[in-house]
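J.: In terms of this note's numbering, the numbers along the sequence shown are unbroken and rise by one, the last being 395.
Because the hints were derived from the structure by calculation, they are not lab data. Each hint should be verified, as a subset may be incorrect.
[Claimed, not checked] BS3-like, lysine-lysine: derived pairs with alpha carbons at most 27 Å apart:
{"no.": "1", "residue 1": "385", "residue 2": "316"}
{"no.": "2", "residue 1": "163", "residue 2": "245"}
{"no.": "3", "residue 1": "361", "residue 2": "308"}
[What the hints assert, rightly or not] Have a look at the derived ranges for each label pair, beta carbon to beta carbon:
{"no.": "4", "residue 1": "257", "residue 2": "299", "range": "32 to 42 Å"}
{"no.": "5", "residue 1": "222", "residue 2": "381", "range": "16 to 26 Å"}
{"no.": "6", "residue 1": "367", "residue 2": "166", "range": "55 to 65 Å"}
Glycine residues also receive a C-beta, built at the ideal position from the N, C-alpha and C atoms.
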Amino acid sequence: MNEFKFINSIKQSYYRNNTTIKGIGDDAAVFRLPYHDIVTSVDTLVDGIHFSKETMKPFHVGYRSLAANLSDMAAMGANPISYLVSIVVPKNYSNYDLQEIYRGLETLAKKHQVDLIGGDTVTGEQLVLSVTVNGAVLPGKARYRDLMRPGDIIFVTGTLGDAAAGLNILLDKQSVDFGADYLINRHRMPTPRVEFASQLANIERLALNDISDGIASEANELAQASRLTIYLDEGKLPLSKELKQFPRAQQLDYSLSGGEDFELIGAVSPEYWRLVRDAAEQTNTPIVKIGEVKDERKNSGTVWIKRNETYIKLQSSGYVHKN
73 MNEFKFINSI
83 KQSYYRNNTT
93 IKGIGDDAAV
103 FRLPYHDIVT
113 SVDTLVDGIH
123 FSKETMKPFH
133 VGYRSLAANL
143 SDMAAMGANP
153 ISYLVSIVVP
163 KNYSNYDLQE
173 IYRGLETLAK
183 KHQVDLIGGD
193 TVTGEQLVLS
203 VTVNGAVLPG
213 KARYRDLMRP
223 GDIIFVTGTL
233 GDAAAGLNIL
243 LDKQSVDFGA
253 DYLINRHRMP
263 TPRVEFASQL
273 ANIERLALND
283 ISDGIASEAN
293 ELAQASRLTI
303 YLDEGKLPLS
313 KELKQFPRAQ
323 QLDYSLSGGE
333 DFELIGAVSP
343 EYWRLVRDAA
353 EQTNTPIVKI
363 GEVKDERKNS
373 GTVWIKRNET
383 YIKLQSSGYV
393 HKN
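Sequences are here, hints too, so could you generate the full structure?
T.: And the structure:
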């Protein structure tokens, strides 16, 4: 691999954002952001741990690595601007496969008007891909987890559990009657809800969290950060028709703890719920109300889910015991 030729091959011919002053081609990148807070997120994927050749092609590795970071930007209410890529390339890795990783990155970056402004490339024993995304949000508009308040509505975008189901199909652990391609694509090419989150800027207070580890984990993070209690309704969890063909126990396992859907879970005051629904309609984002927030000292920082008229404590990994 000729590093200089490779760098020139991925270098953009123009900048998509007027905030980008200098990208690839110097010792460091420069971007200018007046009157905004800067938001930064980094995600690292390691071959054999976060993905494998059996489940993802190089294109999907690139696409999904950027999607994970863009989902973090959405959860913070930030508009993504630029990204950097550091990659450890195995000695036996072909130039074609390397270009495919960057094609996956570029495909999603172009969709969201994000500039590639730098990174690093080295040779090693196994493929490691680390992506850093920079974004901007107006002062006071970052959507922190601890902004949840008693009486808030808990909502979620999209459908849950599809990515986990898709992964199990790829691993030959699951067979389905229909929708295999849909579920696999939900694993390989998730949809970060950037446009939807950007439409929520007029809402004064809003807590968001991206669903990377499963809604059980993310709901607990919101509850713990705000020191409040979340009550969810199992019957209101949004499931795709493709997922509903699975046994009920698997539906719940995938939707609650499967992870990697990269949807958003949020908490908003009822007075702003209409604005959330309007944003969902404007961006063609499925959204549903799944619970509420209460202030209960004895259950502070916990999540409970209604199942068969009984509330069950929901830990990050799943069900625990009855209330």
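J.: Hint by hint, where does the structure go against what was stated? Just the numbers, ascending.
T.: 2
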